[in-house]
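A.B. asks: Listed below, chain by chain, are the residues.
2 protein chains.
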Amino acid sequence: MRLARIATPTGPRPVVQDGDVWAVVVDHHSPGLERTGETHPVDGARLLAPCEPRVVLGMAHNSGPADRLVPPQAFTKSARTVVGPGEPVRLDPAAGKVVVEGELAIVIARTARHLTPEQVPGVILGWTVGNDVTAYEQSALDDKFTQSKNGDGFTPLGPWIETDLAVAGVADLAIDVQVDGATQAEASTSGLAWDVVEQLVYLTSHLTLGPGDVVLTGSPGTSAHVVPGQTSAITIEGIGTLTNPIV
Amino acid sequence: MRLARIATPTGPRPVVQDGDVWAVVVDHHSPGLERTGETHPVDGARLLAPCEPRVVLGMAHNSGPADRLVPPQAFTKSARTVVGPGEPVRLDPAAGKVVVEGELAIVIARTARHLTPEQVPGVILGWTVGNDVTAYEQSALDDKFTQSKNGDGFTPLGPWIETDLAVAGVADLAIDVQVDGATQAEASTSGLAWDVVEQLVYLTSHLTLGPGDVVLTGSPGTSAHVVPGQTSAITIEGIGTLTNPIV
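As they're listed, the protein sequences go chains Y and B. Just so we're aligned: 164 in UniProt numbering is position 164 of the first sequence, and the numbers increase by one with no gaps anywhere. Just so we're aligned: 121 in UniProt numbering is position 121 of the second sequence, and the numbers increase by one with no gaps anywhere.
Among the clues, some could well be false.
[Said to hold, decoys possible] Mimicking BS3-like on lysine-lysine, the simulated pairs with C-alpha atoms at most 30 angstroms apart in a straight line are: (1) B:Lys97 x Y:Lys97; (2) Y:Lys144 x B:Lys97; (3) B:Lys97 x B:Lys144; (4) Y:Lys144 x B:Lys144; (5) Y:Lys97 x Y:Lys144.
The hints are simulated quantities; they were obtained by calculation from the structure and are not laboratory data.
Sequences are here, hints too, so could you generate the full structure?
C.D. replies: Now the structure itself:
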């Protein structure tokens, strides 16, 4: 099932895909996904970021087996960095060079704290494509990543939330990162050092997550340099493609 | 003028103090602070966190003159850590020892990016008391501060937003940190290495702030150890006192 948010003449709406229409729902987090009766054709609908996180977390150094030799670590991103499909990623020349990073993103369904591994599947609403845009020259100057991770439009999410993948089903999904139509990086979620269950057990041992929050699971070799005028397109197998202009 | 948010039988309300009543306003950020006509007596009103930030930033190592020898640095806190006066700060034994940190908190009025020093006063809605609760043994394990700064209730704010202090007026405000009624730390905002103007110029050179966002300006020697069962009370001259139980 695909959950999304779309723009309508009377404002944004949370929706679920029913065949060739987006059916408006009361709330992505309401039991049974109660439909309001309002529908919009899938063709031509403008998709927004599929959720409105209060908390956006990214996993640091989670790119390969060697990263299991050090403890997991995460950073928080400003919720104001979230944009949807087609919205611009704005580069600031003063921030230096920038990469896009294609990442599996977890969307949280409900309040989650001190999770056991067995509890993890129950708090996941679904999965979307995340782009953890990073001004990486700033990371060297600021170990807290505040300077590198929070530029305008630095967290594209979308195109929708896929709910039909189980936790086991995201263990080996292909991630393809294209810039202007040419593949710049190809990898798989199997390259992540700490898997989704381990990440949510770790993160919720330190803080509370809630409905709509997002965890960017890490970049297993899925980054690509970008400059203004280019377009990034990140595809994750079984989810979809997230496309954003770089300006 | 004091802006606050109060609990009412029909939900939270943004308010402004008019003598002995809290007058409900459409929005703290609406021009002219348009009143709805609804009022509540100041006596007995339950105060909530005075704003609902999407972004909470804290200044790192901003405690004295030596901190000017290294570049300014900041960390982001989960917006889910924000609580109001009287709400509990919840300690997790697994996180180790905890301090409360009494800090002047800036509340942002409007979208702010790439500010010049001259533009800073125009984006400040007002000031409140912030408590940047920190599980400091976690800071040594996690230089990103994700583990140390995001426990439940780790960002008490309140009791209200004082709008009558100019930027120059917050340069030397006394901060008093009490635990169970005994003063544990006394200092002044004059001890901050980077002042409010420098902070907002620095932060908005890297990211966008918006209405209701909060910057915790740093702890100039205003921290105190706490354990469950105690109560912290932080007073900033000209603003008020923020009291929270530690559980």
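A.B. asks: Run through the hints listed earlier and report the numbers of any the structure violates, in increasing order.
C.D. replies: 1
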